[in-house]
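**Student:** The residues making up each chain are set out below.
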Amino acid sequence: MSAAEVVRAGPFVHSVLGRRDYAIISDIVEPNSRVLDVGCGDGELLEWLAEHKNVDARGVEIIGAKVQRAISRGVSVYQGDIEQGFADYPDQAFDYVILSQTLQETRQPLKVLNEMLRVGRRAIVAFPNFGHWSVRLAHLWTGRAPKTKLFPHDWYDSPNIHFLTVHDFKSLAEQEHWTVERGIFLAGNREVSVMPNLLAETAVFLVHR
Amino acid sequence: MIVETQSARFDSISLDCGVVLSPVEVAYETYGELNPARTNAILIEHAFSGDAHAAGISQDGGKPGWWDNMIGPGKAFDTNKYFVICANILGGCKGTTGPQSINPATGNPYAMQFPVITMSDVVRLQKMLVEHLGIERLLSVAGGSMGGMQALEWSVAYPDAVASAIPIATTARHSAQQIAFNEVGRQAIMADLDWNQGNYYGAKPPARGLAVARMVGHITYMSDDSMREKFGRRFQDPDEALPDFSKVFEVESYLRYRGSQFVDRFDANSYLYITKAMDFFDIANGHGSLAAALERATARFLVMSFTSDWLYPTYQSLEIVSALRGRNRDVAFCELPSNYGHDAFLVDVGEQTDLVRGFLASTFRSKS
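Residue numbers (the numbering used here), protein chains in the order written: chain V, 9 to 217; chain A, 5 to 372.
Just chain A, with the same shape it has in the complex:
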């Protein structure tokens, strides 16, 4: 499945912070065919560092999508049955308007002049895209981590436009611990002199800071078990006998590699804006309470968490589930066994596949 990222352009979008962003562009991909009744559309929401390329092989570069193991013919999100959409989020750096886009008022990149964004802004732009594609009601909105936040936001902001939601390994609001890890990442970027108050476009980007931020991120995505299994205490070069500062553990080398790789594909200012949007996110905002917010949601829910995920622990999924059950909403919940930590939603897809497939099939039968 060779896929191509497409783009839609809108005149403007009003943001929660009061700013009207104009114009606004959104990068997206689609897989499968929209049925004549337009009832088989599923919106996939990417996580923090994801993009619109969720499945298939990209036309330029030949890379598989970030959730290619879940989306495709015969897979969990079966593109033989469903029309699947994935868009890069507002504030991103993969084709959708973000800090590196040109500010028409100045002719230069927005950089830190880019307005503050929220998850509800992100979802508002997706709603515009979905309408642009001629879809009134989505069969499902699904995603893990930050993608799950967007799925929740959709179900509350546009209850009539979603038949079901699949929030995976996510939360209704970040805990102090989650905000803390994000802040370490942001500080690492801003401490890099190359960051230059965000004005590094056309110059040297804050590569060291961004790489360190990514290293911290990667630690939080894994589990003690998965790191022990993958790296243990092994050295990269086990032959050197004497202790030496240049000796590198495999885990160090892995993190450095991941960090440097990230610099090539991600914009540091996007990192700041998007992590802040995640930290601001609280589904209760503007509704008084979690229960009051989720009372608006009429979708069916499938909520999943993973046993070894300490970044988005099961209790956060249960908060969502408990509020939904309190309003007698239709919700299925399962904590899946996995050793992969938070990364499980991306890599441990066997059981997720069965659950998503069954959930979507019964939703499609009853709600379309």
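In isolation and in its complexed conformation, chain V is listed as follows:
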């Protein structure tokens, strides 16, 4: 069985707003909860969660044009930097703090994660898996900074500054004594159940302290 066939064998994952990681996140989030999405972009996930799960939705986003779009759709978004964006919030202000496809772009990922777990009872972290076989092969074969579907940027204009794998996240959780409640792994439109470090394109973790 080839790697691709193993991937295809996993259960199908639906999508929310065209995004399968959003579907997983929205399955995790309990109705009527308090949710903070850091790096929330134009607030589409928060709007969806407010509408379908009746959550109290808040966001943090640095890019002004995205903040404007988010507020225009009625989502309460604060224009600010993620890494300083938590400072004002009291402890345990939220039931969930979501960080979607942004961890690898932060300057101090551990600090960000710790702040997420301070202001939220649980953190939901979704990131592209640098351990995916396509990344490994790209690096091995070309001998250059890997450029793949998951990591499409040239090294000199990539927003990604910290590359991590499924294993890396798990061992960090262990080191920091976080409890990993769930780990859900995605490849294409399928959930990956074996060898996620090699086969998952995207990982979604639900953790608490």
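Everything labelled a hint here was simulated from the structure, so no lab data went into it. Because the structure is a prediction, the values reported are computed rather than measured. Note that CB positions come from ideal geometry on N, CA and C, so glycine has one too. Accuracy of the hints is not assured; some may be wrong.
As the list claims (entries may be wrong) - Below, in silico cross-link-like pairs of lysine-lysine (DSSO-like), each with a Cα-Cα straight-line distance of 30 Å or less:
(1) V:74 <-> V:61
(2) A:85 <-> V:61
(3) V:74 <-> A:131
(4) A:85 <-> V:74
(5) V:178 <-> V:155
(6) A:234 <-> A:208
(7) A:98 <-> A:280
Unchecked claim - Okay, the calculated bits of chain V under chain A, using three or more residues with CB under 8 Å as the criterion:
(8) 63-72
(9) 84-96
The hints should help you fit chain A onto chain V, whose structure is shown.
**Tutor:** Coordinates of chain A only, in the frame set by chain V:
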């Protein structure tokens, strides 16, 4: 939309300074229809030199309102959906009781006998008006500059009576710089001999002093960029070759024009009282701290500032936002790009419109 300024009269109002002002009159306009559940009312707060005529075309004079680009059918404050109210503030000179009103004790204008007023007095009178109109809870209170101070004051003084607040280009308290500019304006008025300790009603008003005060104000409302773009170093009459004191730069001519125009529509004593009320304003007054004050506020907030506004810089909006977030209040914040300086909230309305519209719609869905 032809509109008419209306008036409500109350027996008295107790002021922070201990004086009971009696009677008190308030000029206001309304646009749109109050819904049967009375949940769609929005109070618009005017800035320093504004008045009750915020939108539409006035019946007398045919002038458009000062925020007509934001209020009306299909606009940010959509009068097809919402019932919009705007009132001239206490101490003003456009129909609400102020220094030029007749003091019933003397039969003459109050002039400088008018009691000192605060933003909380201003808002207390608005609360009386809103109740008079049969509204228990406002969907929103919105305004820029001094209007934003009133929106903040409402949210703290009457938390149960406001579902949301939109403070724009404003501050929780004036900085030394802001007080300083106001003081220059006040001194210009009082240095004019025609001011006569405030007793100029029926005589010659302190037009030169008031005009100079307004000129200073206008400089602070613009930005270096917007002035460069609008006037540059151009002369009004570029033909004269020799340097001559009578040669006038366009920016000088503009400021003189604005100054002289202001004299026709504003009362110098109102200028003194209202600027002082702005300087006194500190939302922390009586609460200990900014955070403690804003903890009382339960409204949703939309806070906006503008990149080129150096009179009410973004850091002042962020102070408000930071205190609200510290109490985990529902607050949206955005710094909008604009070259227009402090005037941006009045003239640069494209992006403001989208934000206000979305914010009001979601507030109306969830809180009414």
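**Student:** So, for every hint listed, does it hold in this structure?
**Tutor:** Going down the list of hints, with the structure as the test:
1. Annotation: proposed proximity of residue 74 of chain V to residue 61 of chain V holds, straight-line Cα distance about 23 Å (limit 30 Å).
2. Distance check on the hinted pair: residue 85 of chain A and residue 61 of chain V sit about 27 Å apart at the alpha-carbon level, within 30 Å; holds.
3. Only pairs whose Cα atoms come within 30 Å are accepted, and residue 74 of chain V paired with residue 131 of chain A is rejected, the gap being roughly 36 Å.
4. With a C-alpha separation of about 27 Å, the suggested pairing of residue 85 of chain A with residue 74 of chain V holds against the 30 Å cut-off.
5. Note on residue 178 of chain V and residue 155 of chain V: the hinted pairing holds, with a Cα-Cα distance of about 24 Å set against a maximum of 30 Å.
6. Taking the CA atoms of residue 234 of chain A and residue 208 of chain A, the gap is about 34 Å. The hint is violated against a cut of 30 Å.
7. The suggested pairing of residue 98 of chain A with residue 280 of chain A holds, with an alpha-carbon distance near 18 Å, which does not exceed 30 Å.
8. Counting residues of the segment 63-72 of chain V whose CB lies closer than 8 Å to any CB of chain A gives 3, so the stated coverage by that chain holds, three being the minimum.
9. Proximity of the segment 84-96 of chain V to chain A, defined as three or more residues with a beta carbon under 8 Å from a beta carbon of that chain, is established by the 6 residues found.
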